[in-house]
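Trainee: Residue numbers (this note's numbering), protein chains in the order written: chain A, 13 to 347; chain V, 13 to 347.
No lab work stands behind these hints, which were simulated from the structure alone.
Any given hint could turn out to be false.
Quick list of in silico lysine to aspartate or glutamate cross-link-like pairs, DMTMM-like style, CA-CA up to 25 Å [what the hints assert, rightly or not]: (1) A:Lys221 to A:Asp128; (2) A:Lys34 to A:Glu57; (3) V:Lys221 to V:Glu251; (4) V:Lys34 to A:Asp128; (5) V:Lys221 to V:Glu188; (6) A:Lys34 to V:Asp128.
None of these values were measured; they are calculated from a predicted model.
Protein chains: 2
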Amino acid sequence: MPRRSTGRVTLQDIAERVGVSKVTVSRCLREPQRVSETVRLRIEEAIEVLDYIPNRQAGALSSGRSLSVALLVPSISNSVFSEVQRGVDEGLREAGYQVLMGHTGYSILEEERLIDTFLAYGVDGFVLSSTRHTDHAQRLLNRAHLPVVETMELTDNPLDINVGLDQRVAGRAIGEALITAGYRRIGFCGARLDYRVQQRLAGWEDALKAAGLSTQRCQTTPRPSSYRLGGELLSAMLERWPDMDAVFCCNDDLAAGALFECQRRRLDVPGQLALAGFNGLDITDATWPTLTTVITPRRAIGEQAARLIVERLQGAPRNPSRHDMGFDIALRQST
Amino acid sequence: MPRRSTGRVTLQDIAERVGVSKVTVSRCLREPQRVSETVRLRIEEAIEVLDYIPNRQAGALSSGRSLSVALLVPSISNSVFSEVQRGVDEGLREAGYQVLMGHTGYSILEEERLIDTFLAYGVDGFVLSSTRHTDHAQRLLNRAHLPVVETMELTDNPLDINVGLDQRVAGRAIGEALITAGYRRIGFCGARLDYRVQQRLAGWEDALKAAGLSTQRCQTTPRPSSYRLGGELLSAMLERWPDMDAVFCCNDDLAAGALFECQRRRLDVPGQLALAGFNGLDITDATWPTLTTVITPRRAIGEQAARLIVERLQGAPRNPSRHDMGFDIALRQST
DNA sequence: ATGAAAGCGCTAACAT
DNA sequence: ATGTTAGCGCTTTCAT
């Protein structure tokens with residue numbers, strides 16, 4: 013017994029109304045110039061009148077391409093990734109691809125789960141926001157023969173395409189900037205301690221060691237970053253190392269939170285304590301005093317990722333590559 | 013001539029390896045208890061060994077259900093919506109649904125485009141973050157016979173399910189709180205001026221009028237909200253109405269930006285000027301002074317939206333409803 | 001320029 | 001408990 017149709021308007025409905033076969037309608041949608049003008053106009057009219065919405069699942073099943081790309085970010089609420097997302101989204105949309113977003117909660121296991129899910133949805137490519145993955149995730153990606161872009165940080169062994177910046181070099185640069193500015197008892201505070209934060213910490217150590225300074229003033233926690241945590245970490249540090257004259261916070265949220273805590277304590281920034289953040293979020297340029305930070309090219313990373321993946325989707329051969337997008341130090345009022 | 017297969021592992025491959033038919037494998041995945049234990053174990057082993065990933069497009073095409081729900085938010089970077097998103101995501105994931113997110117950029121035309129796109133992807137339902145849509149979008153949604161939840165604000169004519177809070181009443185409540193606290197020359201500053209902001213403004217007017225106070229101190233702009241804009245609007249207001257003793261900012265970003273501007277001007281908050289925001293973002297509880305604000309139950313809205321849509325997806329009949337999730341006023345140091 | 005036929009990988013319906 | 005058959009809506013291939 014035939015299963016009843018879903019009631020949705022299909023290519024066949026358009027075809028019948030116009031009096032052509034459904035291949036012609038399909039063709040009209042994909043290669044309008046291959047259909048005669050008269051037929052084209054009538055098809056377009058029918059589509060309009062019937063409110064036809066193509067069934068992408070059927071299209072994808074048949075063609076093997078879904079015209080969608082998965083973008084996996086650690087966190088939705090972290091504004092750091094929303095800029096990357098915008099760049100990716102814009103670039104891919106222009107090329108006719110839909111971006112499907114997922115968030116991993118900073119967990120590579122969750123990333124693996126999402127890769128599996130999106131493979132099941134038949135995405136044509138992946139943009140990941142890290143270079144660290146489970147073995148299984150890597151296997152899945154390799155077998156799928158899909159273009160993959162790993163973003164944010166750089167790696168020597170990209171799965172495929174890698175677009176980011178050297179987090180360690182950036183950490184070192186901000187450390188050096190603080191040293192150049194005359195600070196000598198420089199602390200580091202970090203939350204979450206994901207790979208990128210660890211790299212920034214290593215960079216900070218590089219800078220201090222190279223200058224012969226102590227790297228003992230280091231306060232870290234696995235807890236997720238927040239404004240309040242920035243305040244808490246700063247308080248703990250002031251207690252342990254009252255002589256500290258500057259702090260590099262692993263990200264801008266912590267830096268802003270630390271600044272608020274200084275205000276609460278009536279501690280003059282930068283007079284009594286200098287503060288620096290990382291990423292260059294909007295808030296760093298709005299507080300009083302404004303915050304010194306490392307500006308990361310998040311939008312550009314997203315755009316470049318989109319550009320490269322589109323190239324591949326349009327047929328360019330696989331060619332593992334690494335793209336260093338650099339960073340800028342913004343020296344502001346807090347140092 | 014037969015088209016060559018995609019090379020992907022399919023149900024058929026599993027079936028052949030185990031020596032059963034593919035329906036049995038399919039059944040094993042969906043209703044394991046209906047398959048004999050021995051066969052089940054062998055199927056599970058084959059799936060593991062071959063790294064089988066089901067093709068959801070084929071499944072959805074065949075069954076008419078994609079096990080996915082679209083969530084449309086105005087902005088990815090606005091943390092207001094990330095809480096909603098978490099609630100939705102969590103609830104839907106538990107029920108076995110994947111959330112596909114899109115952002116409209118506060119444009120109902122873009123919303124319409126996304127509704128079209130996600131209908132093409134065959135989603136089983138929609139969570140929207142407004143009650144305002146284009147006529148065409150409403151038509152599309154009605155014809156699709158899919159569960160739809162409109163969130164954030166309340167409406168008298170829900171498309172289907174409506175979960176939110178009365179933005180106008182909330183605006184009035186914060187206005188009244190300021191009046192109760194003794195302020196009399198109360199300003200309003202608003203950005204973007206989307207529907208919700210307009211409602212908050214109307215509520216603020218309600219409160220001031222009811223108390224016989226002037227509503228002239230109102231500074232608005234269509235520009236998108238940001239910390240810096242909060243500072244700019246405040247500056248403009250101080251210039252126009254130097255006697256102003258309190259400002260209700262339409263959201264927390266503006267309020268924080270206004271606070272930073274006060275710090276820059278060495279204006280004592282709340283001594284010389286009181287500030288209030290809207291939403292209850294983390295930052296309002298981190299600044300110095302902390303910010304008075306309206307706490308909106310964003311997480312709860314998301315969870316409730318998920319709960320209700322899952323009910324419908326599991327067969328509950330359509331039953332238009334409105335769920336007022338309320339709000340709380342947090343009186344903090346800035347007033 | 002247009003169409004007929006086959007098939008993408010899966011599930012629903014109906015046997016056995 | 002398992003299998004057979006048909007078909008979801010589209011695109012591809014090949015023919016006209």
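Trainee: Each hint: holds or not?
Mentor: Each hint tested on the structure:
| no. | hint | in the structure |
| --- | --- | --- |
| 1 | A:Lys221 to A:Asp128 | violated (43 Å) |
| 2 | A:Lys34 to A:Glu57 | holds (15 Å) |
| 3 | V:Lys221 to V:Glu251 | holds (23 Å) |
| 4 | V:Lys34 to A:Asp128 | holds (21 Å) |
| 5 | V:Lys221 to V:Glu188 | holds (10 Å) |
| 6 | A:Lys34 to V:Asp128 | holds (21 Å) |
Checked against the numbered hints given earlier, the structure breaks only hint 1 and satisfies all the rest.
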